[in-house]
Amino acid sequence: MSKNNIEKQLLEEINRIDEGLALGLLKWIMKPAVKKAMKKLGKDPEFKAAIEDHNYHAQRLKDLSKKLADHPDPKFRELAKKLAR
Amino acid sequence: MSKPTKADIKIQQQLVAEQRKLADMVGSMSDTYQLQKSYVKEILNASDQTLANYTAEKKVLDQIKKLKEADAKVSEKLSETSQQILAASESQIKALKQQNKLIQNTKKGFAVVNDAAKDLVGKADAFIKKFPGGAYLSKLMGLDKLADQFENGINAAAEAFLTSMLQGKGLTASLGAGMQAFNAIVKMNPMALIAAAAIGLIAAFKSISKEAQKVSADTGLTYTQSKLLVKEANKQVAAFGNQLSTQSDIIAVQKEQIAQLGVIGKLSGEQAGAVSDIGKAFGYGAAQAGKVNAAFMAMGVSADNAANAQRDLAAEALKSGVNVATVTKDIADNAGTTAKFFGGNVKALKKAAIEAAKMGVSLATMAKVSESLLDFESSISSQFELQALTGKQMNFDLARQLALEGDIAGATKAVMDQVGSIHDFNKMDVLERKKLAQATGMDVDELQKSLTIKSKMGDLTSDELASMNALGLSAAEMENMSAKDLQNKLAQQQSSEKTAAAFAAMKAQLVNALMPAGQALMSVFAALSPLLKVIGVGLKVAFMPITLAGKAMGALIGFMEKFKGITAGVLTLTTLIIAKKKEEAIMSAVEIGKATALNALKTIRVALENASLGAIIRQGAATAVNLAKTALEGAMVLGKAIAGLFGSFAQIPFGIGIPLAIAAAGGLFAMFKKATSVGDLGIDPNGGPIVSSPTVGGIFQGDKRDGLSMGPSMGTSPSAGGAGVVNNYYGEKDDKGVTMQQVIDAISNISINMDGKELSATIRTADSFRRG
Chain A
4 MSKNNIEKQL
14 LEEINRIDEG
24 LALGLLKWIM
34 KPAVKKAMKK
44 LGKDPEFKAA
54 IEDHNYHAQR
64 LKDLSKKLAD
74 HPDPKFRELA
84 KKLAR
Chain B
444 MSKPTKADIK
454 IQQQLVAEQR
464 KLADMVGSMS
474 DTYQLQKSYV
484 KEILNASDQT
494 LANYTAEKKV
504 LDQIKKLKEA
514 DAKVSEKLSE
524 TSQQILAASE
534 SQIKALKQQN
544 KLIQNTKKGF
554 AVVNDAAKDL
564 VGKADAFIKK
574 FPGGAYLSKL
584 MGLDKLADQF
594 ENGINAAAEA
604 FLTSMLQGKG
614 LTASLGAGMQ
624 AFNAIVKMNP
634 MALIAAAAIG
644 LIAAFKSISK
654 EAQKVSADTG
664 LTYTQSKLLV
674 KEANKQVAAF
684 GNQLSTQSDI
694 IAVQKEQIAQ
704 LGVIGKLSGE
714 QAGAVSDIGK
724 AFGYGAAQAG
734 KVNAAFMAMG
744 VSADNAANAQ
754 RDLAAEALKS
764 GVNVATVTKD
774 IADNAGTTAK
784 FFGGNVKALK
794 KAAIEAAKMG
804 VSLATMAKVS
814 ESLLDFESSI
824 SSQFELQALT
834 GKQMNFDLAR
844 QLALEGDIAG
854 ATKAVMDQVG
864 SIHDFNKMDV
874 LERKKLAQAT
884 GMDVDELQKS
894 LTIKSKMGDL
904 TSDELASMNA
914 LGLSAAEMEN
924 MSAKDLQNKL
934 AQQQSSEKTA
944 AAFAAMKAQL
954 VNALMPAGQA
964 LMSVFAALSP
974 LLKVIGVGLK
984 VAFMPITLAG
994 KAMGALIGFM
1004 EKFKGITAGV
1014 LTLTTLIIAK
1024 KKEEAIMSAV
1034 EIGKATALNA
1044 LKTIRVALEN
1054 ASLGAIIRQG
1064 AATAVNLAKT
1074 ALEGAMVLGK
1084 AIAGLFGSFA
1094 QIPFGIGIPL
1104 AIAAAGGLFA
1114 MFKKATSVGD
1124 LGIDPNGGPI
1134 VSSPTVGGIF
1144 QGDKRDGLSM
1154 GPSMGTSPSA
1164 GGAGVVNNYY
1174 GEKDDKGVTM
1184 QQVIDAISNI
1194 SINMDGKELS
1204 ATIRTADSFR
1214 RG
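In the order they appear, the protein sequences are chains A and B. Per our numbering, the first sequence runs over residues 4 to 88. Per our numbering, the second sequence runs over residues 444 to 1215.
Honestly, the hints are just simulated from the structure, not real lab data. Using N, Cα and C, we set each Cβ at its ideal position, and we do this for glycine too. Accuracy of the hints is not assured; some may be wrong.
[What the hints assert, rightly or not] Footprint (simulated), chain A over chain B, 3 or more residues, beta carbon under 8 Å:
id, region
1, 463-470
2, 540-551
3, 605-611
Isolated chain A (complex conformation) (with noise of 0.2 Å):
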């Protein structure tokens, strides 16, 4: 190890970049295979479906929230507040 700070700090930075050029890379390689794996999920049928349903549920108890929001029992309110989220 280096007693002299300036060549410590060189090091460090020799290392982040040799650490940062070969991530780089990878991702430069890997890059459209993870485009491709998002494109292919995205026209997924059974994705496509899990996601509609999944919205359709979250809005549901979105407006069940809501309802409960002007309720008289505070308990319930805090609950619609819960739903809410």
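Based on these hints, arrange chain B on the given structure of chain A.
Chain B in isolation, oriented as in the chain A frame:
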């Protein structure tokens, strides 16, 4: 409406209680939902979280069961709230299930890519690790952390993609969000990269440069020569031409070479590397190897032959079971002083050094023995004295003959043979020992040490001697091995040294690769030096306008100093312009004010005529509005005056017109601001008051005994006050219904005072009534 029965109330209470239970359960489910939502953030780690998901789901299912039980309880008395809560819980369960499904699907979709990347990284890592020092290189490149870093990137991409899809942003937008998150994992600033690369290059250059400076300081070589030497050493290390040597070892050999022979270039990098390797393999180090080589070369042999002789020497010493470092040190230290006995015969020197080690003496001691023997008269005399003293027969003739032939080892051995064993030596008394030392040319302690070693070594077999080197070889095996093989065998034993050399080789390769660029970069800096001078000049030129402006300002001040009169003239002119403009502005304001005041008076008169107090008050208010308008108009006049100022001052050359206009406008504002409106005013005598009259046109100062009174109808005569007037002050409200006559009656018998002085004894109401 009938009053609820006790049973109704009880049912209602039960219903509320059940609803509360439901609310608690749904609230708890909501927390679970939030928990699951957070799992989206770590898609690829979902394998670990699947258990957590299932636990959450189980929790939900348990709660569904409880809900169903609760549902059964309240089914008969199900209220609207209960229905809402149950519907919410149902939606939550379904949303949760879909979320879990999405996480698993996303994980599956991205896991393929992640596995492929991990596989790639693993293969690259394994490939690199096959090279010597590969593990180090792998770490240097960050391959050990790469897979994890990539997984983080994939997780970020999956999270962004899924979140965007859940937000209903569509595939294209979600794809963009996912890729953006993926790209963000390493966003290297290109400038930082260039800067870091430059730093790296400079560091490479610096390492060579630093080493060269050190060599230069140690050897007295010039920096250029030293740099060449360091570069050569680096090249040799990078070429993997050595087994054990690093750059500093090769430089150490070169340094010794230069120190001993005083010249550079006698040893190439390759030769220095070979010498260094011998020293390191046989365990006496590069520096000592350099010294030995220099000693051999000083005897007239070539660098290559010297290296070979040194290898042979080390191997023979090893085979003889003596300490190689002692032998080589002996040569390094005493080769010069014993040179006359060897006459350039390196083999003889080698042999003598090994023999010396065997006898436990040095070359210097052996040379001393020979010198003593060749001092015939003294030597023979001592020999006979010793014989007489000890009664023991001793013959050094053979020793003298060998010494004469230059065989100092043989001569010493012959002497020692005559001396006998350590036991014989130990039996001697002090005087006898001293005489023996004198006769042999050795010191007493040298004699004792040598005899002891001879005694010990003589007891050891060849194999025992061989095993002392811990090479796992028998004496016969060692005997059959060449010096080079023996060196390789020794080198193999030094795994840590070999690793260090491999690292050094890698480092040297890196430095060698970067060196030209680093040097080029330094050359660029050197070349930039004149450019920096040009930039300096450029900066000077760039700042020239400011400098010149400063100088011009100085010149202007000087000019103004020199031509004070002219400057004063200009200022006078400026003052006049300001005064004129100010006068115009004030005049306009006063004229308008006058007209308005007249209007106001007319209004008052009409009002008085009508004797309607309410109307008067209203008109008074209107007057106030008019006065405000007047003020506004005055301000407009002031604005115009300022515009005029700028127009006039702009004509003044040297660029000083505008600043002067600004100053003048400021002055104008200040003047308007300073003219405080006081209405009526009285100033005691002895003040010497100053007044300004726009109408008369001038500023006047009264005598110091003069006082001043300001009020309506004053100023007609310097020595008399003005006539009293009725002020439009009534002090009564509109609804009092005061008549004009009442007003006249009220004011007809009062005197008018101002500042304690009576201005008028009565108010001439009839007269004032007539005017207008």
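Handout entry: Verdict on chain A covering the region 605-611 of chain B, where coverage means 3 or more residues with a C-beta closer than 8 Å
Key = Holds, because 3 residues of the region 605-611 of chain B bring their Cβ atoms closer than 8 Å to Cβ atoms of chain A.
Handout entry: Coverage of the region 463-470 of chain B by chain A (three or more Cβ within 8 Å)
Key = holds (count 4)
Problem - Three-residue Cβ test at 8 Å for the coverage of the region 540-551 of chain B by chain A - result: Our answer is that it holds, as 6 residues pass the Cβ test (under 8 Å) against chain A, meeting three.
Comparing the model with each earlier hint shows no violations; every hint is respected.
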